[in-house]
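Residue numbers (our numbering), protein chains in the order written: chain A, 1 to 302; chain B, 303 to 746; chain C, 747 to 1078.
Treat each hint with caution, since some may be false.
Stated by the list, open to error - Listed below are the simulated DSBU-like cross-link pairs for lysine-lysine, each with C-alpha atoms no more than 35 Å apart in a straight line:
#: 1; chain 1: C; residue 1: 923; chain 2: B; residue 2: 720
#: 2; chain 1: B; residue 1: 720; chain 2: A; residue 2: 151
#: 3; chain 1: C; residue 1: 923; chain 2: B; residue 2: 539
#: 4; chain 1: B; residue 1: 629; chain 2: B; residue 2: 372
#: 5; chain 1: C; residue 1: 865; chain 2: A; residue 2: 217
#: 6; chain 1: B; residue 1: 545; chain 2: C; residue 2: 769
#: 7; chain 1: B; residue 1: 718; chain 2: B; residue 2: 482
#: 8; chain 1: A; residue 1: 151; chain 2: B; residue 2: 372
#: 9; chain 1: B; residue 1: 356; chain 2: A; residue 2: 151
#: 10; chain 1: B; residue 1: 356; chain 2: B; residue 2: 674
#: 11; chain 1: B; residue 1: 718; chain 2: B; residue 2: 491
#: 12; chain 1: B; residue 1: 472; chain 2: B; residue 2: 459
#: 13; chain 1: C; residue 1: 865; chain 2: B; residue 2: 731
#: 14; chain 1: B; residue 1: 653; chain 2: B; residue 2: 364
#: 15; chain 1: B; residue 1: 724; chain 2: C; residue 2: 923
#: 16; chain 1: B; residue 1: 731; chain 2: B; residue 2: 718
#: 17; chain 1: B; residue 1: 491; chain 2: C; residue 2: 923
#: 18; chain 1: B; residue 1: 442; chain 2: B; residue 2: 735
#: 19; chain 1: A; residue 1: 151; chain 2: B; residue 2: 612
#: 20; chain 1: B; residue 1: 459; chain 2: B; residue 2: 539
#: 21; chain 1: B; residue 1: 731; chain 2: B; residue 2: 483
#: 22; chain 1: A; residue 1: 151; chain 2: B; residue 2: 338
#: 23; chain 1: B; residue 1: 493; chain 2: C; residue 2: 923
#: 24; chain 1: C; residue 1: 923; chain 2: B; residue 2: 713
#: 25; chain 1: B; residue 1: 612; chain 2: B; residue 2: 629
#: 26; chain 1: B; residue 1: 442; chain 2: A; residue 2: 151
#: 27; chain 1: B; residue 1: 493; chain 2: B; residue 2: 720
#: 28; chain 1: B; residue 1: 440; chain 2: B; residue 2: 653
#: 29; chain 1: B; residue 1: 338; chain 2: B; residue 2: 629
#: 30; chain 1: B; residue 1: 612; chain 2: B; residue 2: 592
#: 31; chain 1: A; residue 1: 151; chain 2: B; residue 2: 629
#: 32; chain 1: B; residue 1: 431; chain 2: B; residue 2: 421
#: 33; chain 1: B; residue 1: 735; chain 2: C; residue 2: 769
#: 34; chain 1: A; residue 1: 217; chain 2: C; residue 2: 923
#: 35; chain 1: B; residue 1: 718; chain 2: C; residue 2: 769
#: 36; chain 1: B; residue 1: 539; chain 2: B; residue 2: 612
#: 37; chain 1: B; residue 1: 442; chain 2: B; residue 2: 592
#: 38; chain 1: A; residue 1: 151; chain 2: B; residue 2: 735
These are calculated hints, taken from the structure and not from any lab test.
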Amino acid sequence: MSSATVPLGTRSLTRRRPPASVRRQRFLVAVANHALLIAAAIAFLAPFGFIVLTALMTNDQALSSHLWPHPFRWQNFADVFHQAPILRWTLNTMIYSVLATLGLVISSVPVAYALARLHWRGRNAAFLIVLIALMLPPQVTVVPLYVMWTKLGQAIGFHFVGSLWPLIIPNWLGDAFSIFLLRQFFLTIPDEYLDAARVDGCGELRILTTVVARLAKPAIAAVALFSFLYTFNDFFLPLLYTGENPSRWPLQVGLAQFRSLHQVQWNLTMAATLLVMAPVIALFFLAQRAFIEGVTLTGVKG
Amino acid sequence: MRRVTGSLLAALVLGAVLAAAITMGSAHAGARSAKKTTLTVWVGWSARELRVFKGVVADYQKKHPELNIKVVGSINDTKITNAIRSGNAPDVVSSFTSSMVGVYCGTGAWINLQPYLSKDHVSLNQFPKTTLYYTQFKGKRCALPLLADSYGLYYNKTLFAKAGISSPPKTFSELTADAKKLTQRSGNKIKVIGYDPYWNFYSGNFTDMTNYAPLFGAQYYDSKGKAVLASRYAWSKLLRWQKSLIDYYGYSNVVRFQAGLGDEFSASNAFEIGKIAMMMDGEWRVAFIKAEHPTLNYGTAPMPVDDAHKSWYGAGAVNGTIIGIPKGGHNVDQAWELVRWLTTNDHALAKFSNGIRNVPSTRSSGHSKELKPDPRFATFVRIFNNPHSATAPITGAGSAWNTLVGRFTVKWQAGKVKSLHKGLVTLDKQIDKLNAQQGGGGVP
Amino acid sequence: MSQGAVAQAARLPATARRRARRKAAWRRRGLVLLLMSPWLAGFSIFFGYPLVMSGYLSLTHYDLLSAPQWRGFANYHYLFHDDPQFWPGVRNTLWFIGIAIPLQVAFAFGIALMLARAKLGLGFFRTIFYLPALAPPVAATLGFVYLLNPATGPVNIILGHLGIHGPLWFQSPGWAKPSLTLLQIWGVGNAMVIFLAAVLDVPQHLYESAELDGAGPLRRLRWVTLPTISPVILFSVVLGVIQGLQYFTQAYVAANIAAGQASQAGDTVNNLGYPQDSTLFYPVLLYQAAFVNNFMGYACALAMVLLVVAFAVTSVILWNSRRWVHYTGSAR
């Protein structure tokens, strides 16, 4: 924000230089602030550092009180791939994330649009229900849903429990958080755009797919990004539904089980932990702006 | 418009392809090849022990070329229950938790084997009495024992010699005295511990105290199925002994010591690398030591017993692996043939016992010529057959009551319980209420 | 409805016009139905139906292996009177919501304030503070349990070099929840970014007029910054509470790994809540009841109680917020 928001009707003010004592005080405050920031930054980065160091140790060293690996065992990362089916876990995670995100975007956009830009009688009540669904812990519905998937599987003869489908399918029928976010965003689209399209003879559906979808690209990108992240990190529901079928474990479930499969080897466990963290961090650096914008969007519009 | 529909179509096609890929993948996994019948067997073993099991199964496979037997390891009870619930169950399943038989038999999750036993004239007399107890619930027999476990004392002979101890302790007071002599410390930090009685440490010290109960003659339930930990004096004796030893080391010193130890089933097992002088463990440890630290100078003996009952020396805790057929399976007859062979065939049991050093679970296989003698392993066979050895009671609530006992014992050893008697009275009430609420009263 | 159709309709006689309008209204309702259909279906199947089923199952004894057995309110009676783990579960979750969440919000706000004042390297520092929030919860928890290993973890080793006798962290019932709180604070990146944007958005002229009135930096914080960003604070708190009521992953992983360190006994043991129920949060308790002990009916009773509490707590916060949240007229 510029330092000269001059109200109308006054002559332009020139700011005089603050006296030396004030300048010195401000300088000291800035130095203190930076010192604190640097200390905090070190504290925040330290865990990463130690995890990396441990990932490069031998197993016995990891159990000892040495902090620095001696020698550097780079092949731990290769060993992780031999000890556990990391690639299969990654494939499962990708299947879950991609299919869920796809369904989520396709199903949430129309709902958000109907809640934002169409006027109908139950609109506010429906939005309230979406908000309530947002606040509900998943544990409230998890038992009957598990029963439902089990019974459905027995009836049809397809094993839903033990597959990724109970995780993917609900996303194709709308997701409360995405609906909420998109609706907030749609509210900010000026009426003029939509009216212009209507005058040109566009039906509502066409407006949605052409004008609105294009205008809402940043919001849709943010929603897709969040959904991808959420499904990548998801643990509780995947544990429940794929827990007994190791061939369908996503990365997080596999990582949590990594120790019991292969008798805690902390060096390999830390190496595996790093491998699981890496894709997300890489994605962040590639799409930094979309990340920060998306997060800000949720907070400011929320 | 065209661009949007275009990219949308592309995304949908990608999604459909992925979806097809997975569905086909999982459907293929369940398909049976036209000629052979596939039998899936789930077991709890992993790594080396799993390989031994697969070797035993291979012998059966050779005799039955029409079958294709698939063995899956690292199974636990949660996976078993979930699989049976979702209709995804294998043909044969086995569990390390014999106490779960209350749930498996009580709910019909594992099918009743009695018709098959009668049809094939399988005599139950060949199984030792304790194994018969933990493979049935309220008269329904849904499991058979597949090798058994007994718990005894492992002691490091080198450390014994250094401390001037000539023979393993026979009573708990001897155990305590020896443990104190064998412990090496530098300041507060424990370097070598004589005997670690910490509840939840390794496999010897289950928090529900089932491994120590026979050594004190302690009973969990009376004949009516009510919990009696408060009224049976043996429990207080056991708990007070345990806490006094923990307090000798210092509770947080023990916790710190344990946090830096290697995993129980790895080559850095604390006993195997000499950080623990005496340890209660199951008979399988003999095979692990042979594979990982063959030069370790150690001995085995029965666990010491309560000073007041010296004649009980030689007894120990006993349980075992159970094997059964889950409901909803397709190839029950072939599954039963495999189960019968695994549990009654002398060659199978002897070969398996040699490989993973578990106790043979039938009388005849216990005398089989194929068994490789091992004096340190023979201790455990004797413990298994000792008349005072006992196993944990089974209820229809599965292992939930064990969790309740465990909650109490870990609090007790941390010094959080003010009055032991009052605490046990409360614990008894909790157990009774749990059994009443969740089905199946306690079985003595 | 398109302008063309309306214009056409205006030229028709009255009855035809009314018919046209009704037709347009029906078409609009059809459109709304079409657009809302995914959510309507999803809501009924994955929200409405399970809620009703949960209520029904909470009155039965059900293990999914045999049919549900009617028990009336016995589950609720056991829950409130006899379950020795119920009140610890409630207390733990309340502890988390009452202590960990406010600390989390405070740290996010504090770091955002420092960043807002930083002259150099704003982007660089922001990235550093945001990175841990990207770590998947399972991975982050595994890392922290190892780091805070009382015997061989780097933290206690460094503390030892500094002459401080490090606590038992995840192995001590008194330190387990603070250790989890540290993990939460490590991951405040998301909230921090939102606070940063909000703090940077506070109009400068408000600060200037406050300064002119003689307000020092603390006063300016209290009377300018906080009220202006109060909607964001509310958002963070509500989000934090919702998170707290669902807190499962970190507690589950930490309990199993830390117990594994102590017991090393493989996974035939139920380690949830290790040590001594201190990490037994309400969602963990529910999971244990349903999927470890197979008491599905009882778990539904736990779920119903959670529903009521979640509803009550969020309503209370939202109502309370009217007093201290100032919306500056942004589009709702």
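List of violated hint numbers, smallest to largest: 2, 6, 13, 19, 21, 25, 33, 34, 35 and 37
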